[in-house]
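In short: position in the sequence shown from 1, add 16, done, that's my numbering.
Keep in mind that the hints were calculated from the coordinates and are not lab data. Heads up, the beta-carbon is just placed ideally off N, CA and C, and yes, glycines get one too. There could be a bad hint or two in this list.
[To be verified] Below are the DMTMM-like pairs computed for lysine to aspartate or glutamate, each with C-alpha atoms no more than 20 Å apart in a straight line:
1) K58 - E88
2) K225 - D123
3) K108 - D29
4) K173 - D86
5) K109 - D28
6) K104 - E88
7) K217 - E162
8) K104 - E162
9) K62 - D86
[Claimed, not checked] The following label-pair restraints were derived from C-beta to C-beta distances:
10) G163 - S100: 19 to 27 Å
11) I150 - R245: 17 to 25 Å
12) K222 - D29: 37 to 45 Å
13) A116 - Y174: 37 to 45 Å
14) E162 - E39: 43 to 51 Å
15) E39 - S132: 40 to 48 Å
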Amino acid sequence: MLSELDRKKIWDDFWKKQSSSGELIPTIIRWGRYYFSLIYVKFIRKHYIGSSILETGCGSAESTLLFARDNENIKDIVLLDFSSQSIKVSRKKSMTYGIAPHCILGDIFFIPLKHSSLDFVWNLGLLEHFDNPIPIIREMVRVSREGGRVVGIVPYKYAPIIFMAFLLKPFTRLTKGYDTFQTWEEAKQLWSPREYIQKFKEAGLKRVKVYIIFESFFFNMVIMGNKKRMK
17 MLSELDRKKI WDDFWKKQSS SGELIPTIIR WGRYYFSLIY VKFIRKHYIG
67 SSILETGCGS AESTLLFARD NENIKDIVLL DFSSQSIKVS RKKSMTYGIA
117 PHCILGDIFF IPLKHSSLDF VWNLGLLEHF DNPIPIIREM VRVSREGGRV
167 VGIVPYKYAP IIFMAFLLKP FTRLTKGYDT FQTWEEAKQL WSPREYIQKF
217 KEAGLKRVKV YIIFESFFFN MVIMGNKKRM K
């Protein structure tokens, strides 16, 4: 089991190489991230509420920055990651989009923000990296406003590409440099839609729904819920 320092080093190294390497694999990953970001933004545009947004475990923050650039209703953008290299990448990328987000180096288990401070809190490709994502979701709920929306985008457990990746895994290990640049193998769990709905409800959300994003070749699903309003 990796320690927190080991995990941080892995992601620092990953984002450092992603920001500077011109090799084939990181270039493909960057292209893929942009392609999928366009898909996520198209989907989330229909479900966004409020004027403030937080991405936890933001990585490059490609999707949030793309979305914020084209949404004049967003007045407050917050990006959070525990990797200093991730924060550097997201800051640099934000300048290319002409956006000035609040970038925070912090822990997704203890988000350094006040209770009920944001309208829309989401993450992409994060929850599957943990054996128990409920504490992460609870923190997202804590910092979201009453009636606010909490969203997670994760791999769809039953996607054909997941099955293919499992079959091809022994061969990809033979690819020089593959283990250095890939991150999806670190995924701990791929839960079913029903299991994710239960976890989001346990974290305190209501009206939880799951959507399969068909444009992602059935690779991704979205879990979405609203924070309860206090009577």
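_Tell me the numbers of any earlier hints that the structure contravenes, in ascending order._
2, 4, 6, 8 and 10
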